[in-house]
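Trainee: These protein sequence lines are chains A and B, in that order.
Position in the first sequence (from 1) plus 19 gives the number in my numbering.
Quick note: the second sequence, position 379, residue 377 per my numbering, numbers continuous.
Be a bit skeptical, because a hint or two may be false.
To be verified - Some but not every residue of chain A turned toward chain B, in silico, with C-beta under 7 Å:
| # | residue |
| --- | --- |
| 1 | Leu45 |
| 2 | Leu51 |
| 3 | Gly52 |
| 4 | Leu56 |
| 5 | His119 |
| 6 | Gly143 |
| 7 | Ala180 |
| 8 | Glu182 |
Said to hold, decoys possible - Straight line, CA to CA, 27 Å or less: simulated DSSO-like cross-link-like pairs of lysine-lysine:
| # | chain 1 | residue 1 | chain 2 | residue 2 |
| --- | --- | --- | --- | --- |
| 9 | A | Lys176 | A | Lys278 |
| 10 | A | Lys170 | B | Lys330 |
| 11 | B | Lys174 | B | Lys139 |
| 12 | A | Lys183 | A | Lys170 |
| 13 | B | Lys330 | A | Lys176 |
| 14 | A | Lys280 | A | Lys360 |
| 15 | B | Lys486 | B | Lys174 |
| 16 | B | Lys330 | A | Lys183 |
| 17 | B | Lys330 | B | Lys391 |
To be clear, the hints were calculated from the coordinates, so they are not data collected in a lab.
From the three backbone atoms N, C-alpha and C, an ideal C-beta is built for every residue, glycine too.
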Amino acid sequence: MRRSAAALALLPLLGLTGCQKGFDLLPQARSLGSMVLMRTMGIDLGETYAVRVTVSSGEQSLGRGEGSEEALVLQKEAESISGACLAMQGQGASYVFYGHVGQLLLGESAARDGLEVPLDYVLGDIETRLETDVYLVRGAEAGEAIAAAAKEGSATKRLEAVEKDGGLLSRSMTRAAEETLEDLLENGDTFLPALALEGEDREMDPRGYGLVRDWALVDWIQGEEAHGAELLLSEVEADILEVEDPELGKAVLRVVDAKTKVRPVFRGERLVGLTVSCRVEADLAEGAEEFDRLDRRSWLEQAMAERTERRIRALLEHCQRLEGDFFQLEGMAQRAMPWKKRTIAEQWDLGGLDIRVEAQGEILRRYDVSVGREKL
Amino acid sequence: MWDEKREREEHPPHPRKEPRLDLPLTVEGVRTAFRDCADLSVRELIRPGGERVTLCALDGMVKAERIGDQVLRPLAQDRELAGLRGEEALRRMAEGGLWGVQARRRDTMDQAAADLIGGWCLLFCPGAKGALALFAATEDKRAVGPPAGETVIKGAQDGFVESLRTNTSLVRRHIKAPELRIREQTVGRQSLTAVDVVYLEGIADPAAVSELERRLRRMDVDGVLGTGDLVEYLVDDIRTAFPLIQYTERPDRFCGGLLEGRVGLLADGLPLGYLAPSTVSSFLRAPQDKTSNWIMASVILFLRWLCVAVGLFLPALYIAMATFHQEMIPTKLALSMIAAKQDVPFETVFEVLIMLVAFEILQEAGLRLPQSIGQTVSIIGGLVVGQAAVEAKIVSPAVLIAVAIAGVAGYTTPSQEMAGALRLWRFLLAVLASVAGLFGVVGGAAVLICHLAELECFGVPYLAPFAGGRGLPGAMRAVVRRPLSQEKLRPGILRPRNRRRQR
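With the sequences and hints as input, model every part of the structure.
Mentor: Printed below as a string of structure tokens:
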């Protein structure tokens, strides 16, 4: 008892001996006050060394109503991402902390070179998070995008706005490093949201998606094909469809939901095709009163279904041309018929499959405030 | 503790002197036993017929009116007594010649001295052996009032007082069953404190009763004046900050414990009752739990457990996350914390420890001062100094908030002793967090659980019902107050002789 008590009492004194550096098991203390949280990281191919890393903090508040500090942008080239990140520690008095990097931008050239290195860094580094959103910068370098955004605020702020607007406007789905890695480890193919630098300010704007095959960027999709991707993955939060009726004029439909199912088609024991069924729901946002009539509503629903079908078909034809399963159709087919999982895996050849797209539209409701009731 | 052996050698234990007062039971003997005692009153009376009798009492311990009405008047007026002398007269007085409620013959000085101290008076007759003790104790004592430390909005407003007999009467008024047993022992060589073991025969575990009595008998101390004088000798393990015996100021709560199968303890001079065995969950139960709706009581009980966790771990987690694991903090919170920490010269660890110490000092100062001044100190210390420290950038607001939340969360624990133990462990966990981050916190939590797991109270695991093989339903009862109509059985962990509580 006495010995245990004496040992316990003396234990804190070990901290005074200077030997605490020998306790490698203990984590290393860092003061939060002398830390800069990096929020966005850009990776490009280097000119002198293999890789160029650009990091940016958000605009950091000085606290107690004393305004905010401008975003800090650091850039380094090195033979590895970790090397560049370490080298950046020497560029300022504060400790540069990468544990809050929420967005990873990959320049087009780096993405075409391969995603393995940057994603492996996110996976393996002790500080970075797997929830980090990954973006591709179309036709430009990630460093350029970050530097341009810092002039108007910060890349973080811009990308957070893009992320929020993406959902609202159905322009861009975000993809976390975790799910990207899952796809790539599954079959080497995936897709990532693309950003383009627009206007004189070179502001980052969503521009469709990049298609990644065998861990490297191979092509881009945008417009109708990009909408097709969102429909295929049932990721439509809000989209506007304008339909022109020869008699009644323009009707505006607000797409509020889409549910897509992929089913494999077998002939005997042979996988011959896929059936992609999409059910789209929309509200009639604008249009003449006559659209409320049952026959015109059916016409609108038919027009919406045809448009949906075209979008998905365009996307899938693109995928078949590139022979890449970027949207994990194989996995969807296997989940639809789990008892044929192995057969589907063995016979999977997206380019040779006969893909049939079926779409169904439904207009749910329209509000007429003049009578204060739901009319449809 | 360190010099225990040397102390035993230098001052060996001495046996109790028997008899304590080796004197004949006479008036002179009483005078000798109580020499230099200003409160000893000896009065000689001449009875009708000329016989001189002597009445001894301790002023302040007896009620003068009671002596006048019940002793002096019959002595002077009773004609039957007037004709009797010596031994015969004393025997008649004991058999009802005097009008006192209680009278008993005493043969030894020890008995007589104890009676005098207990508020009895002694009557000596020439020619008679010994004395007659007559009950005439004063009833000057604090009135029964609401307990200050355990107030409830709905419920009985009576609280234990310093008088043991009043306290036993309060218990009897709540439990009228004749099976209520009150067994008394005298503890303390000098204080001679009466201590009552209270239990319900047929419900309480006889082993727990006899163990409690054994521990009381084993006590050989000078006096029992405070709560600690008793408890530290009765618990299974004193190497812990956690309370092992529950106390209450409320007779209804005390009786609730007896009905559950616990054994109660009341001591003269202490305005509270103890209940054993006690478990960690019993310290988190409040009197109002049974007066509130069961859903509301369950939510509050759960909240209390949550507050225990918050109070215990929040400062440690803050240190661990702000110093070692910044990646765990949500980004926006981390940015706020960085902004708040701008220009603060101290490390987070010291900030938290300084604030925790300051919090304890404020609390101690508030407790030691009269209530009105205590509140002022709390306001000045808590608000003014706290705000000034933040303004002067000595501590960051985030630290202040974390420590304050932990402190306030600690106050939700109904037992002050349990809250105190948790505060001690809060410090320990904060120190461990400052050394090893979350590893330290988890390690500290593991040590805490191991420590609690090895504690027992009268053979009952302290962590019951979480430990002791009660399973999930048992554990749920600790954090949920079930409807009373569903509480059919008494807690099995207390080993009651009759588990069924209701049909």
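Trainee: Hint by hint, which ones does this structure get wrong, listed from lowest number up?
Mentor: 6, 7, 8 and 9
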